[in-house]
Amino acid sequence: MTLSVLMPVFALMTSLLASVILFALPEKGYRLRTIINLAAAILKIALVGVMIWGVAHGREYEAAFTMVPGVEFVLRADALSMLFAGLSALLWLLTTIYAVGYLEDSPNRSRFFGFFSLCVASTMGIALAGNLFTFFLFYEMLTLSTYPLVVHRGTTKALRAGRNYIIYTLTGGAVLLFAIAWLHGLVGDLRFQEGGYFSDVDPSLNGPLTIIFVLMMVGLGVKAALVPFHGWLPQAMVAPAPVSALLHAVAVVKAGAFGIIRVVFEIYGLEAAEAMGLLAGLSVVAALTIIYGSTRALYQVDLKRRLAFSTVSQVSYIVLGLCLFGPLGVIGGLVHLVHQGIMKITLFFCAGNYAETLGVHRIDELDGAGKRMPGTSVAFTLGAFGMIGAPPLAGFITKWTMGAGALEVGMDWVVAVLVISSLLNAAYFLPILHRLWFAEQCEPWPHERRWGRLETSAWLLWPPLITATLMVLAGLLANVPFSPLSWAELIVLREVAL
Amino acid sequence: MTLWLMAGLLFTPLAWAVLTLMVDFRKGRLVTWLGMAVQVLVSLGLWAAVASDGGFLYLLGGWQAPLGIELRVDGLAVTFVLLTALVAAACGWHASIYLDPGKPWHRYFWPLFWFLWAGLNAVWLGGDLFNLYVGLELISLAAVGLVALGGQADALRAAIRYLMAALLGSLAYLLGVALIYGQFGTLSLAGVTELMNSGDAQSGQTFPLVLMLLGLALKTALFPMHGWLPPAHGIAKSPVSALLSALVVKASFYIAARLWLDLGGELGGFALAQLIGVLGSLAIIWGSWLAFRQTKLKQVVAYSSVAQIGYLFLLFPLTWGVTEAISLQAQQGITLQVISHALAKAAMFLAAGNLIMSVGSNRVDALAGVSRFLPFSLFSFGLAGVSLMGLPPTGGFAAKWLLLQASLASGQWWWLAVLLAGGLLSAAYVFRVYRASFIESTDTDQFYHPSRSLEVIPMILALMSLGLGLVAEPVLSVMSLPFEGGGQ
Numbered sequence: 001m002t003l004s005v006l007m008p009v010f011a012l013m014t015s016l017l018a019s020v021i022l023f024a025l026p027e028k029g030y031r032l033r034t035i036i037n038l039a040a041a042i043l044k045i046a047l048v049g050v051m052i053w054g055v056a057h058g059r060e061y062e063a064a065f066t067m068v069p070g071v072e073f074v075l076r077a078d079a080l081s082m083l084f085a086g087l088s089a090l091l092w093l094l095t096t097i098y099a100v101g102y103l104e105d106s107p108n109r110s111r112f113f114g115f116f117s118l119c120v121a122s123t124m125g126i127a128l129a130g131n132l133f134t135f136f137l138f139y140e141m142l143t144l145s146t147y148p149l150v151v152h153r154g155t156t157k158a159l160r161a162g163r164n165y166i167i168y169t170l171t172g173g174a175v176l177l178f179a180i181a182w183l184h185g186l187v188g189d190l191r192f193q194e195g196g197y198f199s200d201v202d203p204s205l206n207g208p209l210t211i212i213f214v215l216m217m218v219g220l221g222v223k224a225a226l227v228p229f230h231g232w233l234p235q236a237m238v239a240p241a242p243v244s245a246l247l248h249a250v251a252v253v254k255a256g257a258f259g260i261i262r263v264v265f266e267i268y269g270l271e272a273a274e275a276m277g278l279l280a281g282l283s284v285v286a287a288l289t290i291i292y293g294s295t296r297a298l299y300q301v302d303l304k305r306r307l308a309f310s311t312v313s314q315v316s317y318i319v320l321g322l323c324l325f326g327p328l329g330v331i332g333g334l335v336h337l338v339h340q341g342i343m344k345i346t347l348f349f350c351a352g353n354y355a356e357t358l359g360v361h362r363i364d365e366l367d368g369a370g371k372r373m374p375g376t377s378v379a380f381t382l383g384a385f386g387m388i389g390a391p392p393l394a395g396f397i398t399k400w401t402m403g404a405g406a407l408e409v410g411m412d413w414v415v416a417v418l419v420i421s422s423l424l425n426a427a428y429f430l431p432i433l434h435r436l437w438f439a440e441q442c443e444p445w446p447h448e449r450r451w452g453r454l455e456t457s458a459w460l461l462w463p464p465l466i467t468a469t470l471m472v473l474a475g476l477l478a479n480v481p482f483s484p485l486s487w488a489e490l491i492v493l494r495e496v497a498l
Numbered sequence: 001m002t003l004w005l006m007a008g009l010l011f012t013p014l015a016w017a018v019l020t021l022m023v024d025f026r027k028g029r030l031v032t033w034l035g036m037a038v039q040v041l042v043s044l045g046l047w048a049a050v051a052s053d054g055g056f057l058y059l060l061g062g063w064q065a066p067l068g069i070e071l072r073v074d075g076l077a078v079t080f081v082l083l084t085a086l087v088a089a090a091c092g093w094h095a096s097i098y099l100d101p102g103k104p105w106h107r108y109f110w111p112l113f114w115f116l117w118a119g120l121n122a123v124w125l126g127g128d129l130f131n132l133y134v135g136l137e138l139i140s141l142a143a144v145g146l147v148a149l150g151g152q153a154d155a156l157r158a159a160i161r162y163l164m165a166a167l168l169g170s171l172a173y174l175l176g177v178a179l180i181y182g183q184f185g186t187l188s189l190a191g192v193t194e195l196m197n198s199g200d201a202q203s204g205q206t207f208p209l210v211l212m213l214l215g216l217a218l219k220t221a222l223f224p225m226h227g228w229l230p231p232a233h234g235i236a237k238s239p240v241s242a243l244l245s246a247l248v249v250k251a252s253f254y255i256a257a258r259l260w261l262d263l264g265g266e267l268g269g270f271a272l273a274q275l276i277g278v279l280g281s282l283a284i285i286w287g288s289w290l291a292f293r294q295t296k297l298k299q300v301v302a303y304s305s306v307a308q309i310g311y312l313f314l315l316f317p318l319t320w321g322v323t324e325a326i327s328l329q330a331q332q333g334i335t336l337q338v339i340s341h342a343l344a345k346a347a348m349f350l351a352a353g354n355l356i357m358s359v360g361s362n363r364v365d366a367l368a369g370v371s372r373f374l375p376f377s378l379f380s381f382g383l384a385g386v387s388l389m390g391l392p393p394t395g396g397f398a399a400k401w402l403l404l405q406a407s408l409a410s411g412q413w414w415w416l417a418v419l420l421a422g423g424l425l426s427a428a429y430v431f432r433v434y435r436a437s438f439i440e441s442t443d444t445d446q447f448y449h450p451s452r453s454l455e456v457i458p459m460i461l462a463l464m465s466l467g468l469g470l471v472a473e474p475v476l477s478v479m480s481l482p483f484e485g486g487g488q
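Residue numbers (this note's numbering), protein chains in the order written: chain A, 1 to 498; chain B, 1 to 488.
Think of the hints as simulated: they come from the structure by calculation, not from any bench. Just so we're clear, the structure is a prediction, and the values are computed from it rather than from any experiment. One or more of the hints may lead you astray.
Incomplete in silico selection of chain A near chain B, CB under 7 Å [unchecked claim]:
(1) V20
(2) A64
(3) E140
(4) V151
(5) G154
(6) L159
(7) H434
(8) R435
(9) A439
According to the in silico footprint, chain B covers these stretches of chain A (three or more CB under 8 Å from chain B) [stated by the list, open to error]:
(10) 67-73
(11) 100-114
(12) 166-173
(13) 179-189
Computed spacing ranges between beta-carbons, pair by pair [what the hints assert, rightly or not]:
(14) B:V40 to A:E27: 32 to 38 Å
(15) B:D443 to A:G29: 18 to 24 Å
(16) A:W451 to B:V40: 54 to 60 Å
(17) A:E104 to B:L30: 49 to 55 Å
(18) B:V40 to A:Q193: 44 to 50 Å
(19) A:K157 to B:D154: 54 to 60 Å
(20) A:G58 to B:S453: 52 to 58 Å
(21) A:W445 to B:A417: 52 to 58 Å
(22) B:A409 to A:L17: 35 to 41 Å
(23) A:E27 to B:A48: 49 to 55 Å
Using N, Cα and C, we set each Cβ at its ideal position, and we do this for glycine too.
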């Protein structure tokens, strides 16, 4: 057992063990629970940090054993997995801080944090999975561990949302399992491999491989909220704000998007997928999802629902980026995995702050909130501008790179999609900003709480400020080593070698 | 060494049955704890011995066949012996706390429990058709008695119904055995197989096989002969339900599987194999649907057994007329399904018993608030449910994966749909229970809290069923599959 074997196992174990301990803690052990939560999160960041450093310098981390006859369980750290693992480790810490503040004085915290850690452990497993079988294992574990979080409040609405979530995701999981089992039957146990496997595949396999690809996209598309499989996402908004933040930024939708990246890059191979004509179809679905999500977002009056439809739209940027099959487009898609996470988590933190501090849930109640809560509102504004794609924020980097990538491969229509989407983004975010900063407060806040000097609890205020700062830095320092953009470039350099 | 282990294994259950018959519940409990420890140790020892040195034939008392009783101690048999020891010990431990010593008829729990255990071991190790019959009858009678221990009129009615089904099943099986004996002049399964392979098979011998399978399917509660199971398993005391669902139905299935694998290749046919597979599929669909519709918690779990048993019968189509490799895959999948279902279902029944005890009602609706105040028991129930749904990383998932691969490789696509739909349907009834327990209807804890040991036992079983998926490969490697006679 060398360190290179143990590192990915440790990274997974930090949150898995934390989860077991948190379940075992008595409900009243607030302080100990917070300490364990934060210690585990910081330890994980350290472990992932070491692995990122190692992977950048060409080291390999891998642990594997045979689980079922013919199938291996593989945990492995490569450049792609570190992109996702880094994102989830970082945002886990911030979301935990936020959740501690958010759930103060509410029941069932032991259960909440237990499943929360389990959810992060699943995300880490998804990031580190070295083959489709292992990926599927954690993919389903994620479904199970998020269900109790979605229904956490135990209301009829929450339970209904939970039921729909489970119906969508388990059906998607069954479709994915079918596809994985079929692929396994055709070609055996495939580890994720840079460049994929099917660049010179027997033409007779083209038919089954196409069907398997479609099935996989359906199975993964449910979690990635590709239209028409997005129905569960806006409903799942009834969950507590930290859960929505996590679901939208790192855990569920990203798991789907990350799975699509793995399948396209490291099972099929970008060139092979393009040659089989699979990417063209996928790009149309992604483009439709982008436009559809943004359009629906326009009509939402509930803040969290508007953000949810915005997620539907934004996650498909990642997928659309892959379909551009040129280096720039792919970099744009990959980097958006991180950028969208940071931006969306900022927005959800802020929405949670408005709800917790002022009792505001609807957009038309936000008039004048900027004066009452300047810190939160600055963070929200930065997040919104990032989503719209204003330079020099993170979202701009994504859209610029993708646009350039689209022109490079001659898919000019994608640029049109990006422009329309940005206009729609502006159309649904700018009115909110207008209300925040320029409208006068005309009614008292629905349900206001006060926390001393600060506009809200410090636990709630710092996380969005930090993520907003990160978002600005990701844009400004995009060319510094280890920035999301540089890391995406590194991945593309290693993966695709186009 | 192995001789001592064998002696301990066979002797303890019978001796303890007689011993506990003579004392009251509390003393019987003490005696039983000792016996369970012996059984678990002996089973572990035997399993380890076979895992390292391979299987052997054991002649009871040293008599040669046809006079003596020939026991076949191979990897598969010892795995099931060990499984029985673990599950039965867990159920016995749970029962020793759960059952009310004040009820006079509860003293009969221990003798029946030990007779049941003896019967199970006899079936796992039995090498000839008649001994298997004896073991099967021992199991049935003890099981019927255990169901009747519920005491009320409902329990007696369910027990009588169970008795009728079991006797009918035994009769059909015995008739088949008699016909086989008439034609081959031997009862040893290995002997019959040998004669068959030497070319003595004639047409018309399919009938005894079908008769035996029919009887065994009735005892295993294969759709549409499942009517007796839900009332019996639902009404019995929770530790009894756990034993019945986890182990008892597996015994008759085990015999059916061995008959099929030894004789089915010659005597069976494509149509018969497919028919049994279709009945299994219908059991999965119909059982899950009924489980979803039940309003009582234990009935949900009982109907879930009907559905889960359906999976086992996919063994028949997936091993007939296919290559060795595919057949092996199917057998491994089914074996894992037997083990993981035994662990998960025992965990589920025991956890359900705890939950019912806590909320004071058998209704699913009554579970509101359980997730907040009784998370531990709910968690055991939930983990067991994950295995039943066949989600990773449980043993249920490993089983499903192997069955999916076997279906694909043998070109029998239709079972894929059944396996995937079955998983979703079981999710439907399991999540219905979760959903009920997450409702926040009350802010005060008015639940009875069972003792810690009662709560820990189902958790251990559920964790074992979960862990089985991770160690499926090493566990399977001990079993010297495919099912074959003799060992040496």
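Hints not upheld, ascending by number: Structure breaks hints 1, 2, 7, 8, 9, 19 and 23.
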